[in-house]
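Chemist: In case you want the letters, here they are:
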Amino acid sequence: SAVISQKPSRDICQRGTSLTIQCQVDSQVTMMFWYRQQPGQSLTLIATANQGSEATYESGFVIDKFPISRPNLTFSTLTVSNMSPEDSSIYLCSVTYLDGAFFGQGTRLTVV
Amino acid sequence: KQEVTQIPAALSVPEGENLVLNCSFTDSAIYNLQWFRQDPGKGLTSLLLIQSSQREQTSGRLNASLDKSSGRSTLYIAASQPGDSATYLCAVEGNTPLVFGKGTRLSVIA
Numbered sequence: 514s515a516v517i518s519q520k521p522s523r524d525i526c527q528r529g530t531s532l533t534i535q536c537q538v539d540s541q542v543t544m545m546f547w548y549r550q551q552p553g554q555s556l557t558l559i560a561t562a563n564q565g566s567e568a569t570y571e572s573g574f575v576i577d578k579f580p581i582s583r584p585n586l587t588f589s590t591l592t593v594s595n596m597s598p599e600d601s602s603i604y605l606c607s608v609t610y611l612d613g614a615f616f617g618q619g620t621r622l623t624v625v
Numbered sequence: 013k014q015e016v017t018q019i020p021a022a023l024s025v026p027e028g029e030n031l032v033l034n035c036s037f038t039d040s041a042i043y044n045l046q047w048f049r050q051d052p053g054k055g056l057t058s059l060l061l062i063q064s065s066q067r068e069q070t071s072g073r074l075n076a077s078l079d080k081s082s083g084r085s086t087l088y089i090a091a092s093q094p095g096d097s098a099t100y101l102c103a104v105e106g107n108t109p110l111v112f113g114k115g116t117r118l119s120v121i122a
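Going down the list, the sequences are from chains W and D. So for the first sequence, the numbering used here puts the first residue at 514; every next one is plus one. So for the second sequence, the numbering used here puts the first residue at 13; every next one is plus one.
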């Protein structure tokens with residue numbers, strides 16, 4: 514299992530601004546995953562972050578909108594850029610071990 | 013493309029009842045299936061992981077089964093309690109990262 518610390522836990526942001534979400538894991542992992550959960554919906558994978566290389570984005574998500582950093586094997590950030598109300602969601606980071614996938618507590622973002 | 017469906021979408025039961033949540037998936041070539049619990053506005057808590065070679069897993073009052081060939085899994089909750097009220101998500105991992113169902117929202121009434 515893993516202990517994943519994610520912050521901020523929630524934020525209210527003005528449209529047109531950017532928010533950076535941090536994710537810290539208590540042990541080294543090769544891949545970290547970023548998900549979005551829109552209101553009333555399930556989780557959708559945004560991108561996979563590998564240390565030392567560019568993130569791999571899923572269809573419908575682009576680096577300019579969701580830049581990701583992965584400076585070491587225990588830390589990653591996701592930035593939501595030029596926000597609009599449609600970006601209001603819960604954003605979650607995740608890691609996978611042999612005993613399954615584990616998630617941070619999520620960042621609840623509201624864009625006004 | 014893997015698709016995961018959960019039935020029912022919502023369920024309300026009186027305290028003490030045993031209940032079953034269902035999950036189906038379209039591509040049986042999976043590595044594992046995992047059940048999660050999500051409280052409102054929060055992250056996901058892992059409940060049970062079933063590897064593709066396994067038939068079931070148990071943890072306390074929870075029992076999850078997997079029938080890989082038919083693309084189905086069930087989560088059985090025994091003697092439900094109000095604290096079990098949450099959304100339950102199943103997710104499968106195959107050649108792609110986790111694919112989630114939309115969840116079952118469970119309410120256990122005292």
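Read the hints as simulated data drawn from the structure, not as lab findings. Where hints are given, some of them may not hold.
Chain D stretches covered by chain W per the calculated footprint, using a threshold of three residues with CB under 8 Å from any CB of chain W [stated by the list, open to error]:
1) 32-39
2) 86-97
Quick list of in silico lysine to aspartate or glutamate cross-link-like pairs, EDC-like style, CA-CA up to 16 Å [what the hints assert, rightly or not]:
3) Lys13(D) with Glu567(W)
4) Lys114(D) with Glu27(D)
5) Lys54(D) with Asp96(D)
6) Lys54(D) with Asp612(W)
7) Lys80(D) with Asp96(D)
8) Lys578(W) with Asp612(W)
Simulated restraints, written as ranges between beta carbons of each label pair [unchecked claim]:
9) Thr543(W) with Glu29(D): 28 to 36 Å
10) Gln66(D) with Pro598(W): 22 to 30 Å
11) Glu27(D) with Glu599(W): 33 to 41 Å
12) Ala91(D) with Glu599(W): 36 to 44 Å
13) Thr530(W) with Gln66(D): 21 to 29 Å
14) Ala41(D) with Pro598(W): 17 to 25 Å
15) Pro52(D) with Asn585(W): 40 to 48 Å
16) Ile576(W) with Tyr88(D): 24 to 32 Å
17) Thr569(W) with Thr38(D): 45 to 53 Å
18) Thr543(W) with Gln63(D): 32 to 40 Å
19) Ser582(W) with Asp51(D): 25 to 33 Å
20) Arg84(D) with Gln554(W): 17 to 25 Å
21) Ser71(D) with Phe588(W): 28 to 36 Å
22) Gln527(W) with Gln93(D): 38 to 46 Å
Note that the structure is predicted; figures quoted are calculated from it, not measured. Positions of the beta carbon are idealized from the N, C-alpha and C atoms, including for glycine.
Chemist: State for each hint whether it applies.
Modeler: Consistency of the hints with the structure:
Evaluation of the coverage hint for the region 32-39 of chain D: breached, as 0 residues show C-beta separations to chain W shorter than 8 Å, against a requirement of three. Here the region 86-97 of chain D counts 0 residues with a CB under 8 Å from a CB of chain W, which misses the bar of 3, and the coverage is violated. Between Lys13(D) and Glu567(W) the alpha-carbon distance is near 25 Å, which puts this suggested pair outside the 16 Å criterion. In summary, the hint linking Lys114(D) to Glu27(D) is not supported, as the alpha carbons are separated by about 24 Å, beyond the 16 Å threshold.
A distance of roughly 15 Å separates the Cα atoms of Lys54(D) and Asp96(D); the hinted pair therefore holds under the 16 Å criterion. For the suggested pair Lys54(D) and Asp612(W), the alpha carbons sit about 21 Å apart, so the restraint of at most 16 Å is broken. Between Lys80(D) and Asp96(D) the CA atoms are separated by roughly 27 Å; this puts the pair beyond 16 Å, and the hint is violated. Pair hint Lys578(W) plus Asp612(W) does not hold up; C-alpha atoms about 32 Å apart against a cutoff of 16 Å.
At about 43 Å, the beta-carbon gap between Thr543(W) and Glu29(D) misses the expected band of 28 to 36 Å. For the pair Gln66(D) and Pro598(W), the beta carbons lie near 44 Å from each other, so the given range of 22 to 30 Å is not met. Between Glu27(D) and Glu599(W) the Cβ separation comes to about 39 Å, which falls inside the hinted range of 33 to 41 Å. For the pair Ala91(D) and Glu599(W), the beta carbons lie near 42 Å from each other, so the given range of 36 to 44 Å is met.
The supplied range of 21 to 29 Å is broken by Thr530(W) and Gln66(D), whose beta-carbon atoms lie about 47 Å from each other. Here the CB-CB span from Ala41(D) to Pro598(W) is close to 39 Å, at odds with the stated 17 to 25 Å. Checked against the given bound of 40 to 48 Å, the beta carbons of Pro52(D) and Asn585(W), roughly 33 Å apart, lie outside it. For Ile576(W) and Tyr88(D), the hinted distance range of 24 to 32 Å is not satisfied, since their beta carbons lie about 43 Å from each other.
The given range of 45 to 53 Å is broken by Thr569(W) and Thr38(D), whose C-beta atoms sit roughly 23 Å from each other. A beta carbon spacing of about 20 Å between Thr543(W) and Gln63(D) contradicts the range 32 to 40 Å that was offered as a hint. Distance hint for Ser582(W) and Asp51(D): a CB-CB separation of about 29 Å, consistent with the stated range 25 to 33 Å. Roughly 23 Å separates the CB atoms of Arg84(D) and Gln554(W), a value that falls within the hinted 17 to 25 Å.
Checked against the given bound of 28 to 36 Å, the beta carbons of Ser71(D) and Phe588(W), roughly 30 Å apart, stay inside it. Between Gln527(W) and Gln93(D) the beta carbons are some 42 Å apart, a value that agrees with the proposed interval 38 to 46 Å.
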